[in-house]
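**Student:** Here is how the chains run, residue by residue.
Number of protein chains: 4
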Amino acid sequence: MAGNTFGTLFTVTTFGESHGPAIGCIVDGCPAGIPFDTAFLQNELDRRRPGQSAIVTQRKESDIPQVLSGVFEGHTTGMPIAIVIPNEDQRSKDYDHIARAFRPSHADYTWEAKYGIRDFRGGGRSSARETAARVAAGAIAKMFLKTVGIHIQAYVSQVGPLALKAAYTELDLALTEQNDVRCPDPVMAQKMINLIKKVRKAGDTIGGVVNCVVKGAPVGLGEPVFDRLHAELAKAMMSINAAKGFEYGSGFEGVKMTGSQHNDAWVIGPDGTPVTTSNHSGGIQGGVSNGMDIYCRVAFKPVATIVPEQDSLDQHLQPVKIKGKGRHDPCVVPRAVPIVESMAALVIADFYLRARL
Amino acid sequence: MAGNTFGTLFTVTTFGESHGPAIGCIVDGCPAGIPFDTAFLQNELDRRRPGQSAIVTQRKESDIPQVLSGVFEGHTTGMPIAIVIPNEDQRSKDYDHIARAFRPSHADYTWEAKYGIRDFRGGGRSSARETAARVAAGAIAKMFLKTVGIHIQAYVSQVGPLALKAAYTELDLALTEQNDVRCPDPVMAQKMINLIKKVRKAGDTIGGVVNCVVKGAPVGLGEPVFDRLHAELAKAMMSINAAKGFEYGSGFEGVKMTGSQHNDAWVIGPDGTPVTTSNHSGGIQGGVSNGMDIYCRVAFKPVATIVPEQDSLDQHLQPVKIKGKGRHDPCVVPRAVPIVESMAALVIADFYLRARL
Amino acid sequence: MAGNTFGTLFTVTTFGESHGPAIGCIVDGCPAGIPFDTAFLQNELDRRRPGQSAIVTQRKESDIPQVLSGVFEGHTTGMPIAIVIPNEDQRSKDYDHIARAFRPSHADYTWEAKYGIRDFRGGGRSSARETAARVAAGAIAKMFLKTVGIHIQAYVSQVGPLALKAAYTELDLALTEQNDVRCPDPVMAQKMINLIKKVRKAGDTIGGVVNCVVKGAPVGLGEPVFDRLHAELAKAMMSINAAKGFEYGSGFEGVKMTGSQHNDAWVIGPDGTPVTTSNHSGGIQGGVSNGMDIYCRVAFKPVATIVPEQDSLDQHLQPVKIKGKGRHDPCVVPRAVPIVESMAALVIADFYLRARL
Amino acid sequence: MAGNTFGTLFTVTTFGESHGPAIGCIVDGCPAGIPFDTAFLQNELDRRRPGQSAIVTQRKESDIPQVLSGVFEGHTTGMPIAIVIPNEDQRSKDYDHIARAFRPSHADYTWEAKYGIRDFRGGGRSSARETAARVAAGAIAKMFLKTVGIHIQAYVSQVGPLALKAAYTELDLALTEQNDVRCPDPVMAQKMINLIKKVRKAGDTIGGVVNCVVKGAPVGLGEPVFDRLHAELAKAMMSINAAKGFEYGSGFEGVKMTGSQHNDAWVIGPDGTPVTTSNHSGGIQGGVSNGMDIYCRVAFKPVATIVPEQDSLDQHLQPVKIKGKGRHDPCVVPRAVPIVESMAALVIADFYLRARL
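Residue numbers (our numbering), protein chains in the order written: chain A, 1 to 357; chain B, 358 to 714; chain C, 715 to 1071; chain D, 1072 to 1428.
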């Protein structure tokens, strides 16, 4: 019950189904007086928009947001900000018996079993279309974070087996948005694009990894012992459709290290404040930000919607063959980049308020 | 502010510092009428207890819980259950200037910066001692889950570079508790123990991975879109001291697969209900349990407390040399096993209530 | 920060300002499978609608709701239900310096001081227009409660000094909606209407009291010790614009009684279940419903918007004269009836889910 | 489920039953660095303590608190503060069949029906003994509020029909603690004491009203639209055992006034900030504090435990005669004074943090 709100002080509640009239969100708790940048909001939605390139879903949505409240004379007022994004692509498909079947590795069966009723059109509420509302909310969080000097950037670091070896510190993240796959290494980006095109041609999908870096976060974000900064980041990221794994700092690789290798030594930095000489901690110690860059990685599985015929069950639990129609996303990670950033922004904004900075 | 409560309906709030009079918790929301098994509670605490074997910290604590409320005539009453665990090992150390220094990769600096004051004795609230309260709470969650047929078991799958290749389905998890490292493969267990002993001898530490399996969970646990079952599991696990990564089902490895490889086909199982022929989904689809085993993995970094001298800063931001005293935990994962189970139990119990099953 | 959500499991989040494009809400946590009655939703909004009679504000709003999500094939799906109600009466007033002044006993000064910015048009977010969103949410709560046999009815028991002496048990509540003031005693209703008309003619306003009765509630609603049923009812009612007091059962009068007079004796009722011979408890004992009627009363102050000139301060803290324009509500209670019912419905629905009935 | 926590940022969770080993609380979210005044904590508990005078319950409890965490070197650390208060008066009564019966107007029946099990000894969790934990938490909130110049004082304004006519502004509240009934008017106090003694002699009980005044609160406390300052105050007060009504500012009397009488005019005060010439608003406008005194009133019913024989039902729903043993509280309001103050302190502290002042 009631799992559609995220955050404690800077909160977002999302609504909407894939083929309903609209999706959207209410952001409650954004501080008053933040300049509201409508063009930026649209730009963020465009970064997530279907049909933006040849390697993403070709669903047709212009994703034009309507801001219904909470903004006055170009600034936030501290009141809830409601944003509605009308759905345009609601083709009057004939939803035959297949439409109600339980597609493999989708939410179809679990939601039908849980709720006893399900808006099955295009996946309904379980569709990744919901993430547009997150990006709208994340854009507002970013507007707030901008006023306090915090910047968030994500990029694709892996598609299928193709993985960047370089750490984010060795990359020019400014190149990220210059290619369709959003990988800041142009050579690797091309390989990834080729792989995605190949997978797509086969009517199949492939997984990937998105890395995210938060710069400019002050010391003190995170509320132990349960609401550790990275614990909320983990929840936020894992709540995105298709997410399967989360790690921050040294992550899973770090378990192989010894403490003497892994520990980040404290020294005085150029500006007189403490810095660590390495950052295996990922900018978080004891669940609280330490002033260094915060970075994490999110694994996404291959999208479950594929073209080739699969065995499954229908709503009467009878065997059925299911076949995709080819408008699916061959690889979720290019469009996941702004979603990951948005969730990071929501977490950081919330902890910024909770820390009373 | 106020980050010491976990859960929505089945909640736990923990308190206590490493060298204060006691640690403990309040569990609020446990259903009434659950048989309260005091011996089981003690046994769970014993599984986490310091000094239980040669490969864990040798701090002396008997960890005897006092149940102050919420239990009557051997059953829970639906009222908050308060448990206090007195601290015994509060040696009157001379806390010299080193004691107040900022140990590398500890919570020392971030908490001092955040709160302006810090009980530095033994790490205070940031000490892993706090996890004893989680295990007490988890024991209560397990008592509840037992009444609805849900069983949770964790085990160590990796210590440093030594990683089990077998999936949990290929292991006899009943062997887990038969060795000090809690790895169900006896041969690998011995290797892990040897490695930990070697690392310990060097005054160093090493990381590891704990796997966790939930059996018997019904279809329907998890509350999309933000409170997905695996999202809360991720938060729960990442809130444990030293956790660095979380994955469920196919996890980070799954990103290399195609959708046609990764999808779990639905068929009718032996008892007439739907089952999947594979379980890359880790028992969760669309954020909701699907009736299959739920499984996940948690990465733990090497403990930051080590013996060899390290460079750091003191509370006046002056350079200082820090050296450990040798009572630390050389590898956190053996004792993390009951903690991981406890956090899983708390998550599952909470969603069980939220699903109104 | 973030005070626009009410409820734990059955939740509502509202948004919107008086003169923005729309107001509305998201209801999250409504169980799936509830028949969604669009006509009933409209009817509930009509009961609160401005301009419905000669004794309420003459603002022109048709209050036609758009249901954007969470309903499929005529039933709720368990997903968040978003409702948007466009504002029609956004006259392009010239908002002169008076518009930004701090009207006496309004939210103007406190909100300006708190947020530093304020949508002053028509009171913005502090306008009672926000309560339309509550009535929409309450209508959904009522749809749910109807399926479990719970019925809620409010009525006006006092306008200024004109107070009904009869208890609700002595009245025919079916008569409530048959007059403009919503008082079930036709003779008293006429007196109240006359008083309101007189007050209105003077450009003034008058206070009143709304009584509310919940019938059919099962034993067990309410979650002690803080979330007592009547404590949440109190919060819910006091969160309505202009509410100044709340009492349930014997209320403030009951303090004059002795325990032997006040205690409600238990006997076996006609259907074999326990009932009390009196109901000073107002259907709630120990914070939990006892199966008897739940009843409470809510006091509303005279609306602060009046016609006669008043002294006040402008936003530069300079003295200013303020004069109303005559479209205000002379007495809030007739329109408060459906609002009070809505808040009661939201509270009862939430506790019904929390009690796992 | 899980209703034993109050607050959003400054939170308290209480536990404990009347005849269990102890009661207590965890306060989570108290800012770090607040001087912790142990003597004050004890003094506050003494104000609520049984047996403090001839007109309260004669249960024997010394109520000595043990502070288990969250305090270091005389200051709060920002960590959860756990306080345990051992129960001393656990006489080994023979709990015969009457003990399990459902006493009229007690929580006995509703809790038994709700939970199916109940610690009936002395009322168990539903006993007003739980309020000692609230007073301990309230003492901490007061320590915090003291550092920001906010002072809270409650007093008894009515016992049975004996009601003070004077407003708090006409009374010398410094006299409150100088008599057993805590009424600042010495003449009225003596009448109240006489009445309580008379009622007590009859083995009966009587109700009363507690008024509460908050001085020094800044502008800006309260989070509309649901978490209005007075809405949370209402919930807080109504969550106290035996509370039946709440009003603030002009309250129920104010409904008789017209807007032109009731409105509080803004003028510039002696120190150059806006003040109102009257304070019917009770220091709160639009749900947010306006800098004037905040004041409210709470009605308490006569305690349900009385000596004279009453008809009731036992746990098998058979008729039974119930008779009290004479240790009950003849009038709850003298001891309710510190409880009301504590709940007010918790609400104000929470909103202070939420307002980010």
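Calculated directly from the structure, the hints in this document are not laboratory data.
Keep in mind it's a predicted model, so treat the numbers as computed, not measured.
For each residue, glycine too, the CB sits at the ideal point set by N, CA and C.
Certain hints may be false.
Listed next, the in silico BS3-like pairs over lysine-lysine satisfying Cα-Cα at most 25 Å (straight line) [claimed, not checked]:
1) Lys1327/D x Lys970/C
2) Lys558/B x Lys256/A
3) Lys680/B x Lys325/A
4) Lys1262/D x Lys970/C
5) Lys503/B x Lys558/B
6) Lys915/C x Lys1262/D
7) Lys970/C x Lys1236/D
8) Lys879/C x Lys1396/D
9) Lys522/B x Lys165/A
10) Lys417/B x Lys503/B
11) Lys572/B x Lys198/A
12) Lys912/C x Lys1327/D
13) Lys1394/D x Lys1262/D
14) Lys1394/D x Lys970/C
15) Lys197/A x Lys613/B
16) Lys191/A x Lys522/B
17) Lys201/A x Lys613/B
18) Lys1037/C x Lys1327/D
19) Lys572/B x Lys680/B
20) Lys1327/D x Lys911/C
21) Lys1396/D x Lys970/C
22) Lys970/C x Lys1217/D
23) Lys417/B x Lys572/B
24) Lys970/C x Lys1269/D
25) Lys572/B x Lys256/A
26) Lys256/A x Lys417/B
27) Lys879/C x Lys1327/D
28) Lys1396/D x Lys1286/D
With beta-carbon atoms standing in for the labels, derived distance ranges [claimed, not checked]:
29) Glu253/A x Glu534/B: 50 to 58 Å
30) Leu175/A x Glu534/B: 31 to 39 Å
31) Gln618/B x Val187/A: 23 to 31 Å
32) Glu88/A x Phe754/C: 52 to 60 Å
**Student:** All hints are to be evaluated individually against the structure, with a verdict given for each.
**Tutor:** Cross-check of the supplied hints:
1. Lys1327/D x Lys970/C: Holds. Lys1327/D to Lys970/C sits at ~22 Å (cutoff 25 Å).
2. Lys558/B x Lys256/A: With a Cα-Cα distance of about 17 Å, the restraint between Lys558/B and Lys256/A holds, given a limit of 25 Å.
3. Lys680/B x Lys325/A: Distance ~63 Å between Lys680/B and Lys325/A Cα, so the pair is violated.
4. Lys1262/D x Lys970/C: Holds. Lys1262/D to Lys970/C sits at ~14 Å (cutoff 25 Å).
5. Lys503/B x Lys558/B: violated (41 Å)
6. Lys915/C x Lys1262/D: violated (47 Å)
7. Lys970/C x Lys1236/D: Distance ~15 Å between Lys970/C and Lys1236/D Cα, so the pair holds.
8. Lys879/C x Lys1396/D: violated (38 Å)
9. Lys522/B x Lys165/A: Holds - the C-alpha atoms of Lys165/A and Lys522/B are around 24 Å apart, at most 25 Å.
10. Lys417/B x Lys503/B: violated (31 Å)
11. Lys572/B x Lys198/A: Cα-Cα ~39 Å, so violated.
12. Lys912/C x Lys1327/D: holds (14 Å)
13. Lys1394/D x Lys1262/D: Distance of about 28 Å is beyond 25 Å: violated.
14. Lys1394/D x Lys970/C: Answer holds: Lys1394/D to Lys970/C is near 22 Å, not above 25 Å.
15. Lys197/A x Lys613/B: holds (15 Å)
16. Lys191/A x Lys522/B: Roughly 30 Å separates the two Cα atoms, so the pair is violated.
17. Lys201/A x Lys613/B: holds (17 Å)
18. Lys1037/C x Lys1327/D: holds (22 Å)
19. Lys572/B x Lys680/B: Violated - the C-alpha atoms of Lys680/B and Lys572/B are around 44 Å apart, more than 25 Å.
20. Lys1327/D x Lys911/C: Status holds; Cα separation ~15 Å.
21. Lys1396/D x Lys970/C: Between Lys1396/D and Lys970/C the Cα gap is close to 23 Å, so the pair holds against 25 Å.
22. Lys970/C x Lys1217/D: Not satisfied, since the Cα-Cα distance of roughly 35 Å exceeds 25 Å.
23. Lys417/B x Lys572/B: violated (34 Å)
24. Lys970/C x Lys1269/D: Since the Cα atoms of Lys970/C and Lys1269/D sit roughly 14 Å apart, the hinted pair holds (cutoff 25 Å).
25. Lys572/B x Lys256/A: violated (29 Å)
26. Lys256/A x Lys417/B: Roughly 28 Å separates the two Cα atoms, so the pair is violated.
27. Lys879/C x Lys1327/D: Distance ~15 Å between Lys879/C and Lys1327/D Cα, so the pair holds.
28. Lys1396/D x Lys1286/D: violated (41 Å)
29. Glu253/A x Glu534/B: 50 to 58 Å: violated (29 Å)
30. Leu175/A x Glu534/B: 31 to 39 Å: violated (51 Å)
31. Gln618/B x Val187/A: 23 to 31 Å: Holds, since Gln618/B and Val187/A (Cβ atoms, about 27 Å apart) stay within the stated range.
32. Glu88/A x Phe754/C: 52 to 60 Å: violated (30 Å)
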